[in-house]
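Colleague: Take the sequences, apply the hints, and build the full model.
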Amino acid sequence: MASGIKDKVAILGMGCSKFGERWDCDAEDLMVEAFEECIADAGIDFKEIQAAWLGTAIEEIHVGKGGIPLAFALRLPYIPVTRVENFCASGSEALRGAVYAVASGACDIALALGVEKLKDTGYGGLPQRSRGALNSMWWANYSAPGSFAQLASAYRAKHGIDPAELKRAMAHISVKSHDNGAKNPKAHLRNRIDIDKVLNAPMVAEPLGLFDCCGVSDGAACAIVTTPEIARGLGKKDLITIKALQLSVSNGTEAGHNSWDGSHFMTARIASKRAYEEAGIENPRQQISLAEVHDCFSITELVTMEDLYLSPEGGAVKDVLDGFYDSDGGLPCQIDGGLKCFGHPIGSSGLRMIYELYLQMQGRAGERQTADPKLGLTHNLGGAPHQNVCSVAIIGREGA
Amino acid sequence: MIGLTGFGGYIPRLRLARQAIAEANGWIQPGLRGLARGERSICNWDEDSVTMAVEAARDCLGEDGGAGLRAIYLGSTTLPFQDRQNAGIVAAALNLDGDLSTMDVTSSQRAGTTALAAALDAVDESEPGHILVLASDARRARAAAQQEMIFGDGAAAFTVGHDGVLAELLARHSVAVDFVDHYRGENRPYDYTWEERWIRDEGFLKIMPKAVTQALDKAGVAPAEVDLLIAPSSLRGVPAKIAKAVDIDPARLGDDLQGAVGQTGCAHPLVMLSHALEDGAPGQVMVVASFGQGCDVLVFRATEAIGDRRPALGISGHLARRRGETNYNKFMAFNDLVVQEKGMRAELDNQTALTQLYRRRDMLLGLVGGECQVCGTRQFPRSRVCVNPNCNATNTQQPFPFSGIPASIMTWSADHLTYCPDPPLHYGMIQFEGGGRFLANFTDADVGKVGVGQTVRMMFRVKDFDNQRGFRRYFWKAAPQQTSEEA
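Protein chains in written order, with our numbering: chain A, 2 to 401; chain B, 7 to 493.
Where hints are given, some of them may not hold.
[Unchecked claim] A few chain B residues that face chain A, going by a derived Cβ cut-off under 8 angstroms, partial list only:
no.: 1; residue: T358
no.: 2; residue: A359
no.: 3; residue: C381
no.: 4; residue: R388
no.: 5; residue: P395
no.: 6; residue: S414
no.: 7; residue: W418
no.: 8; residue: A420
no.: 9; residue: H422
no.: 10; residue: L423
Keep in mind the hints are simulated off the structure, nothing from the lab. Every residue, glycine too, gets a C-beta built ideally from N, C-alpha and C.
Modeller: Below you can see the structure in the form of structure tokens.
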């Protein structure tokens, strides 16, 4: 039995760029902006970094392939730099690479950086790209909102929920995230919205309206990780450590076998169970202080609450409408504004979520600061409900 | 005995009100108002002559799915490929590619009847097997052209052979006359047409009656014995004049479907014949004549078996499977009659890797998946390792065709973001009876009338156009069945 990653690696420093339509920035600018904050926070010389992971997904529209874009941007001293891509979990995958490298003893200090420059396509929404020679010939033509919208139809059918009731719960999710995002200077969208605005917005993919969809933006976030011993040696106190890093990847069962009902994410259930086990968490609804989940669409956040075992199955609508996930609720979710307000520069989102938890654990979250958070969970989902990758990370105070 | 052994057809579901055409174009062509009665069939954006031919073939072949076919002849003047055999695409869609003769017959409004005649000529009473004859046309016309009013889209299908004949061929006669009433030159999308009065007087009325009479003579059938005459013409009154010229009562003329469908090009005489055969009675004599640089005439007599074999839906069933359309702008957009803003999402490069298409041709054209020989799980696509999480056996899957298996909608959405010529684009997870599922695009879906649990029927359609290279790729889509429709 593997011993897992719990408390073997500490976060030495983090940084996050301002997210948004960064018309003035290349990916290089975004990487440097996040890294400047990160390296200052870590309090080391950048040449002490021994290995780096770059997470970016749609590289063909910005940095191109390989580890070179990160090495060039930061002038890293000819260290190993690995580019990773795993859809929307690319940033979390970069972190996993860096954390595993430190935990293995292969290096002392490692960097994980995620970046995506999406706003160079000329149109709104996620960029279109080739899906591969065979897939493009038979996969349904679909968009991200259209594929995630499928959840709503199955969730309604499974739980016998009135479409208007589900839509109201979805709208509550977006209103809550905008309330949170309004308090975050790094968020892309900082406006508050009301439920009528959400319900009356133009339809994107039935039943998802405009405000059920996250923004599309540019951004970068990064983390420098090391061992708790080294961190302490560098004078760091009250360490924030990695408790769990899990990933589950669809193998085609959902897409091709009639055992999946379409209303939830198999991967999220598997990854979160493993993560709780790795972190030694027995009752996540009680023990998790904060959650940053992959709210690419409101319906995704709603079903994810059940997939992470934070709400009982079929109970997310009630929890959401009861305000359980609001900033003053039992388990604040998307306290930074989430993908909804940050947008989703794909490669950076996972690290952006970790960044918020890191600030919260250190009491540095300003207006958004929650009371004494000990354990936080991040969740990324890439692909579509019927075939996806899902990462779940748990971080917290050392010893928590 | 040689003759027809099966029949079927297909009419696209969309029917454009002719009034809509007249309203749009009457300002420049006031004469169109006089034709503004009834409706015409129009292809959905993802239909063409090949997809209609496939549907007509499925309608005709029914449950057998074409077992025992030895050839496919496809007649059309609107084939999507000039050099890639279109009949071969149909064969692949029907999962028949193999030991089969295939042939495209084209370049004349007689192409349908010529294909049928050639097939009947090719029947060898010493050889088993039937020949599938298809005629399909999706004719194009310029905006405001009279043809826009007159034309319709549709297809017909027949099997011919010597076993199980339901309409015996008594005789056939063809004449070739280079009478150019209209033509469409190389790389020209539209017909160029000469004066109607000349076409009527020197063309139809001189060439057709003579040919019909010669065919009846060959068959030894007196005009009075003819129960049904099919001699379509878009020129008003011409069929009746032809009937009178050959001493057949004009009351015996077949329904030309002008009010509900329009002229379906070279498919039209055969669409009419297929429609008429639905009500055929033993002993009836049916004459089919077509006009186009000459004339083909075929004389049939229905046998006692005429009632034994019915198409799945037939032309009548497809007439009932109808959705009215009054949006002429949509018709213009579907037919590239207007330069339309499609948005940058339409710029996606749809190049097709032909090597990949060939390797997986049974999957992509025939919707063939797999059935695990260990656990029996059906899956699409067929894969090396079984998808059943309790099995996962390797190299155990036998080909399993899904195209004829009913399915139902498990999840769905109507997407306004993804590029589609007719938004919103509907798609969802569909689940086949007996197992197997995939996320499929829907076609012929009506906004507000799609739901979980609804039955869908798989239809062979255009998936994407590659306008940069002149290619189009086909795949199967799920057509939601409306409760008001039989099919």
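Colleague: Could you run down the list of hints and mark each one as holding or not?
Modeller: Here is how each hint holds up against the structure:
| no. | hint | result |
| --- | --- | --- |
| 1 | T358 | 7 angstroms, holds |
| 2 | A359 | 4 angstroms, holds |
| 3 | C381 | 11 angstroms, violated |
| 4 | R388 | 10 angstroms, violated |
| 5 | P395 | 5 angstroms, holds |
| 6 | S414 | 11 angstroms, violated |
| 7 | W418 | 5 angstroms, holds |
| 8 | A420 | 4 angstroms, holds |
| 9 | H422 | 6 angstroms, holds |
| 10 | L423 | 4 angstroms, holds |
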